[in-house]
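Undergrad: Given next are the chains, with one letter for each unit.
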Amino acid sequence: METKKPMTAKSTEEREEVTILFAGDSGDGIQLTGNQFTNTTALHGNDISTFPNFPAEIRAPQGTLAGVSGFQLHFGGVPIYTPGDSCDVLVVMNAAALKANLPKLKQRGTIIANRSGFDKKSLKLAGYPDDAAPLKAESLTSRYRLFEMDVTRMTRETLADSGMGTKERDRSKNMFVLGFIYWMYSRNLDFTIKFLEEKFARKPAIVAANVKVLKAGYHFGETSETFTTRYEVKAAPMPEGVYRNVMGNQATAMGLIAAAKKANLKLFYGSYPITPASDILHTLSKHKNFGVRTFQAEDEIAAVCSAIGASFGGALGATASSGPGIALKAEAIGLATILELPLLIVNVQRGGPSTGLPTKTEQADLFQAMYGRNGEAPLPVVAARSPYDAFEAVFEAARISIEHMIPVFFMSDGYIANGAEPWQFPKAADLPAIQTHFATPGARENPYLPYQRDERLVREWAIPGMENLQHRIGGLEKEDLTGNVSYDPENHEKMVRIREEKVERIAHFIPDLEIDNGPEEGDVLVLGWGSTYGAIKTAVVQLLEENKGVAHAHLRYLNPFPKNLEQVMRRYKTVLIPEMNRGQLLPILRGKYLIDAKGLNKVKGVPFTAAEIKAEVKRLIAS
Amino acid sequence: MEKTVKRTGKNYASDQDIRWCPGCGDYSILKQTQSVMAEIGLKKEEVVFVSGIGCSSRFPYYMDTYGIHSIHGRAPAVASGLKATRPELSVWLITGDGDALSIGGNHFAHLLRRNFDLNVLLFNNEIYGLTKGQYSPTSPINKITKSSPVGSLDHPFNPLAFAMGAEATFVARAMDRDPKHLREILLRTHQHKGTSLLEIYQNCPVFNDHAFEAFTEKTSKQNSTIFVQHGKPLTFGANQEKGIRLDGLRPQAVDLSADYTISDLWIHDETDRTKADLLVRMFDDPRSEGALPRPFGVLYAGERSTYEVEMNAQIERAIALEGEGDLDALFAGKSTWKIG
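Residue numbers (numbering that gives the first Met the number 0), protein chains in the order written: chain L, 0 to 622; chain A, 0 to 339.
Simulated from the structure, these hints should not be mistaken for laboratory data. Mixed in with the good hints there might be a few duds.
Cβ pair distances, simulated, as ranges [as the list claims (entries may be wrong)]:
id: 1; chain 1: A; residue 1: A328; chain 2: L; residue 2: P272; range: 48 to 54 Å
id: 2; chain 1: L; residue 1: R58; chain 2: A; residue 2: A328; range: 32 to 38 Å
id: 3; chain 1: L; residue 1: F366; chain 2: A; residue 2: D208; range: 45 to 51 Å
id: 4; chain 1: A; residue 1: E323; chain 2: L; residue 2: P431; range: 17 to 23 Å
id: 5; chain 1: A; residue 1: G132; chain 2: L; residue 2: P431; range: 51 to 57 Å
id: 6; chain 1: A; residue 1: K337; chain 2: L; residue 2: E375; range: 49 to 55 Å
id: 7; chain 1: A; residue 1: D325; chain 2: L; residue 2: S85; range: 58 to 64 Å
id: 8; chain 1: A; residue 1: I318; chain 2: L; residue 2: T228; range: 39 to 45 Å
id: 9; chain 1: L; residue 1: A442; chain 2: A; residue 2: Q190; range: 57 to 63 Å
id: 10; chain 1: L; residue 1: Y486; chain 2: A; residue 2: A328; range: 52 to 58 Å
id: 11; chain 1: L; residue 1: K562; chain 2: A; residue 2: A319; range: 47 to 53 Å
id: 12; chain 1: A; residue 1: Q313; chain 2: L; residue 2: E167; range: 34 to 40 Å
Short, incomplete list of chain L residues facing chain A, as computed with Cβ under 10 Å [as the list claims (entries may be wrong)]:
id: 13; residue: H43
id: 14; residue: E197
id: 15; residue: F199
id: 16; residue: R243
id: 17; residue: V245
id: 18; residue: I256
id: 19; residue: A262
id: 20; residue: N263
id: 21; residue: K265
id: 22; residue: V291
id: 23; residue: A301
id: 24; residue: A309
id: 25; residue: G464
id: 26; residue: L468
Distance condition first, Cα-Cα at most 25 Å in a straight line; then the derived DSS-like pairs of lysine-lysine [what the hints assert, rightly or not]:
id: 27; chain 1: A; residue 1: K337; chain 2: L; residue 2: K426
id: 28; chain 1: A; residue 1: K337; chain 2: L; residue 2: K233
id: 29; chain 1: A; residue 1: K333; chain 2: L; residue 2: K198
id: 30; chain 1: A; residue 1: K231; chain 2: A; residue 2: K217
id: 31; chain 1: L; residue 1: K193; chain 2: A; residue 2: K333
id: 32; chain 1: A; residue 1: K333; chain 2: L; residue 2: K233
id: 33; chain 1: L; residue 1: K202; chain 2: A; residue 2: K333
From a predicted model like this one, the values you see are computed outputs, not experimental measurements. All C-beta atoms in this analysis are idealised placements derived from N, C-alpha and C, irrespective of residue type, glycine included.
Can you make the complete structure from the sequences, with help from the hints?
TA: What follows is the structure in structure tokens.
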């Protein structure tokens, strides 16, 4: 793009990694700003990890603490695993955003504040006392570097002759901030300009206004004498290849499409809108040219039941929800368990119990996945560890479901779902084929036995339309082999044990647990599952630099566990299991292996910081 | 199947022992359904019976077709997913008054409005049979049952009015005790493109015997029922000497002997939605003074495109517009960058 000549001498400093937190009112366009910076930065070649943090209400009371929306992103020229424990730069659009997020700013960190968001009314809404002037407070100015700029006024002035009203003009203020930050980190405006042109293709006036403000923000950085330094964060040394930026829910949707395609099955996705899982439905519904059938059902129960109906008919039935919705689906998941049909159940976990914290993250539904059905009804459970990993993990979950004729839980969470990171996406041809287990129709001498099994205890998939294989299945206990209704006591116990053993035997068809990082034996093994990956990874990398005897392993398969799990755990003096719950994997492992593992638990609706994990490992080593 | 094999109803029976109580109205419905299957000549492997929970929901086990006995109230959802992915199958949904209108009321309503091309046989016995005799959502008010020893308080559902309210495209009524009529209406139910709802009055001899006596017994049937036929006037009585005329929007029973002739009567037009709304509302307690007769037959048969047709059309349009989905293009998304 064309830029004016700088009026003042500007220097450029290099930074290895930076964490920026954009914060403002939920109507300020913070998420869009964050996403734009993320995509531009990814294209720049940085490694990146993001954490959007927004209120459950779409329009929470304006200007209040409850209405603060945040988007944290951590990018660097070094490998990045988390959105950052604390931030280097805090961008605040109003007083409430400052009040809510100041504790997350590092000492000597930079605050960029929108001055007009600190007027009397804004201060009052944020709950500051009448005479407060937080930006002038010594406690703030002595600890942080503060840059005030009147974003609202400058945006209005930029659009003075646009013919737009004040309210309309104010909508572009996030573009001013974005332009400014682009300047600060030496980024290119092209991605965002292209984005605006596509998004508002039919409203050229809106495109023009936003681009104008974006550029004004950029030029302000260049010309304003307040800012003398801009920063350069070099591209990260990532493996060679082609990358894209991906969010967890997108990766999950793509993994489902890929699995269906690799199994040569139709994908049927029954779903009811729920935070934070809805984006999977949104994404899938855009890809009808893959033959994806999305069905927005009347409720969670219908969502899963329609998926079961589709699976009965020979499609890959999938459903997704979050904890409260999974609770509603429980009876139907039990039905799928006894029917022994493929079915994928995605749980994008959020804070609970009940409605809990819809937009916050937690890992407290592991017990629900493991045990949340009536009767003895064990099912495989597979968990993703990061946004891009959701692709491979859900593909694996689908593979197990289809190849073993069994419903499978796929665990994601709000942090994975809405977080983004670069993804070196695979070539479709390199993905493994998924083997379906269809029956062979046609003439036969004896009646068809729908519950006859192979050595893996897997039954055949005989679907309507297959001649001479007509059979009836249902939720009543079935007789071994025939599938006919049976109340026989011996048969019931036999079937319960078969269904259990069938899950156990999947352990022969999943990879062993590998040490992600660190020595093969030592003082402490930090064993995680799900979205704690990044924080544990960062902590262990740092601890290893400090020569601590610590290693990291991460479980993708939670039921059944990898065959070598016990053996791996026993090679360390202590096993530490950090979880965003009150301890769920922990008692399962303690109970199963009689191993004295320790827990590190957090239920605040926000992920672990690397520092928290590091401190606990150090404490364990010292004790 | 190239060659046509002559089949009888028995060909559609499975090898399982039927476990309904002796004298249950379900037997008659099973028999007529099997017979209709044979008459239509459906291939056994292309028929699927989907049911919920309750006495009637055991039905699939007795058919030598594909079948799924699902969970309470959820058969509509199971059938929807099946039909969405396998539109070529002949899908029959078996449900009861409790299954469809109580625990599954939500799914039932949504099934009807979506209009998948499938057949719903609602066995209405006005009682919970499998749980041994509690009042159901169609039991009359003040019904004495195990769970309502001094009478139930719930105002009953009018299932066909419910269906019209839910934008059903085919609404019909029959009874177990009139197999000939039942068979005829089952055929119509099958023929309709869209969700066909057939409510069947079904006697439960154990927990609710005589519930439909007024409609089924010879003595009372003539005056308490009216068998509607498309294009024909609404007449009833032992010698069809009575009829229904419309007084504005109010149906009125009249004698054809004195003041009214057949040309004054309401001519049944099953495609007329407004009149169907009135017809399903003819729901008087047959024992009440001046009760209008209860209509049986096809009360409404409208036309609306089916869900699965529209769903597949969207997919075909997407393929025509964007080409068959390409995984590599999907993974790459809109913007990528290269390292190295």
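Undergrad: If a hint holds in the structure, say so; if it does not, say that too.
TA: Taking the hints in turn, this is what the structure says about them:
1. Roughly 27 Å separates the CB atoms of A328/A and P272/L, a value that falls outside the hinted 48 to 54 Å.
2. The supplied range of 32 to 38 Å is met by R58/L and A328/A, whose beta-carbon atoms lie about 37 Å from each other.
3. A C-beta distance of roughly 48 Å is found between F366/L and D208/A, which places it inside the suggested range of 45 to 51 Å.
4. The hinted window of 17 to 23 Å between E323/A and P431/L holds, with their beta carbons roughly 21 Å apart.
5. Checked against the given bound of 51 to 57 Å, the beta carbons of G132/A and P431/L, roughly 55 Å apart, stay inside it.
6. Between K337/A and E375/L the CB atoms are about 51 Å apart, so this pair conforms to the stated range of 49 to 55 Å.
7. Look at D325/A against S85/L: about 42 Å separates their beta carbons, and that is not inside 58 to 64 Å.
8. In this structure the hint that I318/A and T228/L lie 39 to 45 Å apart at CB is violated, the actual value being about 53 Å.
9. About 32 Å separates the C-beta atoms of A442/L and Q190/A, a value inconsistent with the hinted range of 57 to 63 Å.
10. Range check, Y486/L to A328/A: about 54 Å between beta-carbon atoms, so the 52 to 58 Å window is met.
11. At roughly 49 Å, the beta-carbon separation of K562/L and A319/A lies within the given 47 to 53 Å, and the hint holds.
12. For Q313/A and E167/L, the Cβ-Cβ distance of about 35 Å falls inside the hinted range of 34 to 40 Å, so the restraint holds.
13. Hint status for H43/L: holds, given a least beta-carbon distance of 8 Å to chain A, under 10 Å.
14. Hint status for E197/L: holds, given a least beta-carbon distance of 9 Å to chain A, under 10 Å.
15. Here the hint on F199/L is broken, as its CB sits about 16 Å from the closest CB of chain A, past 10 Å.
16. With a cut of 10 Å, the hint placing R243/L at the interface with chain A holds, because the nearest CB-to-CB distance is about 5 Å.
17. Given the 10 Å rule on beta carbons, the hint for V245/L holds: about 8 Å separates it from the nearest Cβ of chain A.
18. Given the 10 Å rule on beta carbons, the hint for I256/L holds: about 7 Å separates it from the nearest Cβ of chain A.
19. Nearest Cβ of chain A to the Cβ of A262/L: about 13 Å, over the 10 Å cut. The hint is violated.
20. Interface restraint check for N263/L: the shortest CB-CB distance to chain A comes to about 13 Å, outside 10 Å, so the restraint is violated.
21. A cut of 10 Å between beta carbons decides the hint on K265/L: the least distance to chain A is about 5 Å, and the hint holds.
22. Satisfaction of the interface hint for V291/L is found here, the shortest Cβ-Cβ separation to chain A being roughly 8 Å, below the 10 Å cut-off.
23. The criterion of a C-beta within 10 Å of any C-beta in chain A is met by A301/L, whose closest approach is roughly 4 Å, and the hint holds.
24. Interface hint status for A309/L: upheld, as the beta-carbon distance to the closest one in chain A is roughly 4 Å, under 10 Å.
25. A cut of 10 Å between beta carbons decides the hint on G464/L: the least distance to chain A is about 6 Å, and the hint holds.
26. The beta carbon of L468/L is positioned within 10 Å of a beta carbon in chain A (closest approach about 7 Å), and the interface hint is therefore held.
27. Taking the CA atoms of K337/A and K426/L, the gap is near 14 Å; set against the 25 Å cutoff, the hint holds.
28. Taken as a hint, the K337/A and K233/L pair is honoured in the structure, with Cα atoms around 15 Å apart against an allowance of 25 Å.
29. A hinted pair counts as satisfied when its Cα atoms are at most 25 Å apart, and K333/A with K198/L qualifies at roughly 13 Å.
30. Under the criterion of a C-alpha separation no larger than 25 Å, the hint pairing K231/A with K217/A is consistent with the structure, at around 23 Å.
31. For the hint pairing K193/L with K333/A, the CA-to-CA distance comes to about 11 Å; that is within 25 Å, so the pair holds.
32. As the CA atoms of K333/A and K233/L are separated by approximately 23 Å, the hinted pair is consistent with the 25 Å bound.
33. Of the supplied pair hints, the one linking K202/L and K333/A holds, its CA atoms being roughly 21 Å apart against a limit of 25 Å.
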